[in-house]
Amino acid sequence: MVIYKSIADRLRLRLNSSDFDIGSPLPGEKKLAEEFGVARMTIRKAIDLLVTWGLVVRRHGSGTYVARKDLHHETTNLTGFVEVLRKQGKDVVSHVLLFEVMPAPPAIASLLRIKIDERIYFSRRVRCVDGKPLMLEDSYMPVKLFRNLSLVHLEGSKFDYIEKECGIIISGNYETLTPILADKQLAQSLNVPEQTPLLRITSLSYSNSGEFLNYSVMFRNASEYQVDYHLRRSHVENPLDAQ
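Under my numbering, the first residue of the sequence shown carries the number 414, and numbering increases by one thereafter.
The hints are simulated quantities; they were obtained by calculation from the structure and are not laboratory data. Just so you know, nobody snuck in bad clues.
Listed next, with one range per pair, are the computed distances between beta-carbon atoms:
#1 T465 with D543: 45 to 51 Å
#2 R427 with P606: 42 to 48 Å
#3 R481 with P516: 35 to 41 Å
#4 K503 with I435: 38 to 44 Å
#5 V451 with R560: 22 to 28 Å
#6 K528 with S475: 34 to 40 Å
#7 I435 with P606: 45 to 51 Å
#8 I582 with R453: 24 to 30 Å
Here a beta-carbon is modelled for each residue, glycine too, at the ideal position from N, C-alpha and C.
Work out the full structure, taking the sequences as your base and the hints as a guide.
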């Protein structure tokens with residue numbers, strides 16, 4: 414991937430964090446160039462992309478400022494699957510069906526912002542709660558970030574491994590939810606009849622430094638799993654602005 418595009422992606426994540434408000438100034442090009450270890454021209458091209466995306470504006474002689482945020486980038490109280498259910502007193506067990514190192518195919522490489530054919534871990538797990546299969550998960554993680562990932566880690570919580578053992582702070586993730594009907598393979602894996610309604614969830618997690626950590630495709634038994642969201646709306650100073 415072109416370096417300035419990678420930097421633009423990392424800056425995009427940072428701008429959408431709580432560290433920046435609308436109207437906040439970006440660090441100067443010189444400071445960013447030192448941080449990322451690149452030439453100022455590379456930083457300038459990355460900021461050009463942010464301008465194209467409508468996230469920042471340049472003010473001549475003043476600097477670059479946050480113009481807006483991508484609201485879907487912000488996640489409040491992101492909690493792992495195992496963390497949530499264990500807090501509810503559930504017994505969660507992960508059965509690892511596949512675990513291997515493979516070259517990243519183009520689609521996965523693009524999502525994780527790594528090179529095509531770069532080494533990644535692929536794993537397939539069935540997550541069981543109180544002895545009942547609840548979710549099938551396919552997961553892709555860059556080897557360069559997690560050199561010692563093992564079967565034992567996958568049988569537990571990836572969140573715990575990433576944050577407690579690797580010391581990487583998970584800042585948030587993108588999620589997409591789609592209803593589907595179970596085909597023969599999914600029905601067998603989750604021990605449900607074919608055509609059972611399932612929830613297909615894709616999840617792309619990123620760190621507070623803007624690195625993409627994990628891409629997962631999950632299939633959950635919709636009849637056995639409830640999702641609750643608490644979405645906060647920013648206060649509008651002028652009621653007329655909301656009309």
